[in-house]
Amino acid sequence: MREVDIAVVGAGPAGLAATLACGESGAATLLVDYMDAPGGQLIKQTHKFFGSERQFAGTRGIQIPAIFMDRLSKMPNVALMWGANASGYYADSGVLTLEDGSKFVKVKAKRVIIATGAAEKPLAFENNDLPGVYGAGAVQTLMNVHGVKPGDRVLMVGSGNIGLIVSYQLIQAGVEVVALVEAAGCIGGYLVHAAKLRRAGVPILTSHTVVRALGEETVRGAVVAQVDQSWQVIPGSEREVACDVICLAVGLTPLVDMMWQAGCEMKYVPALGGHVPVRDENMRASNPAVYVAGDSGGVEEASSAMISGEIAGISAATSLGFEVKEADARLSRLKADLTAIRSGPTGEKICAGIKCATVCGGEW
Amino acid sequence: MAGREKTADGSIVICRCEDITLSEIRDLIAQGYHTIDEIKRVSRAGMGPCQGRTCRQLIARELAAALGVPIEQVEMPTFRPPSRPVLLSTIARGEADE
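Order-wise, the sequence lines are chains A and B. Quick note on numbering: our numbering labels position 139 of the first sequence as 139, and the sequence is numbered without any gaps. When you read off a place in the second sequence, starting at 1, and then add 364, the result is the number in our numbering.
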């Protein structure tokens, strides 16, 4: 059995930032990811980041993993494992089980940082299993990682930033976005992204949903309809749209399987996407060996994931007695950065959700 | 479970891995299966390769609506390793030599 001070599960923005902080402290750190390369969702984020310079504003998401890897690869106390599937955490022994190819590996870690990200939410509508119904993540992977067009005419469902950004990227790839439907009365993402779509002539239909996919073997169209304030379809408002792709971007839900396995106290917080671990302000879960970072602690975006990852990394390392230079000052600055990122109307909801998921008084 | 029905609910897939439709889930709830775990055991919903990532929340929503409770009161199933698909041969071989 391999032994480490800290194991980080997931090499997306949160896991990379957490590993860097752990590595700098001198802790023996292992970063594992089931993909063959680091980055998580960053590998398909071809757009430039907003926010502050400390979170790589102006840099494209796809460039960020290399910036982390450049530093991590020089740290002798940091080990990296790609293509390794972390499938279990045993709270009684602090053992993480991994499948590295066909090898079964056990890792005993004094602390684990769970940075497993989030999964796309499903949508129940008629014929939702027809080929041509995609999640937005899959569409983004096809286009931005593999250079494959998912189809020629896309109906986008959901107007959060993912739905808006992927729609624009589809247009850039020469794909027609026939319409974007959003069940809520207003768009969910940033106006700047929606404005680009409107300038490109894409109809944004708020208070609309997809009722049915049309087609026998593959998607040939969709029936969309208007919904009332309780999300019920208004009879008679149905109409057909011709398309060969229905792309679902209806939100994400945290991937928290390992935190359930770890016996962490969990809470259902809709503003954060579903069940999340209750944590203190330093991202420690109710199981004191477990820290959470990034979307697996509540769905936000990559900038805040990097910050919460760094907080979790610093906290996990100092909890084991490793020295992090000016840890308190860095933690205060990071928490201030999070507050700044969470400003605005969307941020207000996130803040309320975080408050709900944070243990009373801010510490265990 | 029986083959696909031609009704609207029969063409709404809830568990993609095990091919279980909304009408099948609603039937089970009507028969008195009132937790995600019970529905899982009787139908296999959530036991496929994705381990319930898709269907769990949809079934939770159906249960909440049918039982008239908020979704946070729908009991979550027990989460056990492995949370991702693993070949049995990998585990059977035991831990790799370091």
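In case anyone wonders, no lab produced these hints; they're calculated from the structure. Glycine included, C-beta positions come from ideal geometry on N, C-alpha and C. Check before you lean on any hint, since a few could be wrong.
Just the calculated beta-carbon pair ranges, DEER-fashion [to be verified]:
hint, chain 1, residue 1, chain 2, residue 2, range
1, A, C356, B, R425, 18 to 28 Å
2, A, E238, B, R425, 46 to 56 Å
3, B, G458, A, W364, 33 to 43 Å
4, B, P445, A, A336, 30 to 40 Å
5, B, Q437, A, R333, 38 to 48 Å
6, B, L452, A, G83, 16 to 26 Å
7, A, V192, B, G458, 23 to 33 Å
Facing chain B, from chain A, some residues (calculated, C-beta under 8 Å) [claimed, not checked]:
hint, residue
8, L80
9, E126
10, W260
Right, here's what the structure says about each hint:
1. A/C356 x B/R425: 18 to 28 Å: Roughly 20 Å apart at Cβ, these two residues keep to the hinted range, so it holds.
2. A/E238 x B/R425: 46 to 56 Å: 23 Å, violated
3. B/G458 x A/W364: 33 to 43 Å: Taking Cβ atoms as reference, B/G458 and A/W364 lie about 37 Å apart, which means the hint holds.
4. B/P445 x A/A336: 30 to 40 Å: 38 Å, holds
5. B/Q437 x A/R333: 38 to 48 Å: Given range 38 to 48 Å: holds, Cβ gap about 39 Å.
6. B/L452 x A/G83: 16 to 26 Å: 19 Å, holds
7. A/V192 x B/G458: 23 to 33 Å: 54 Å, violated
8. L80: With Cβ-Cβ at 17 Å, over 8 Å, it is violated.
9. E126: Nearest chain B Cβ about 5 Å off; hint holds.
10. W260: Holds, about 4 Å.
Hint violations for this structure: numbers 2, 7, 8, all remaining hints satisfied.
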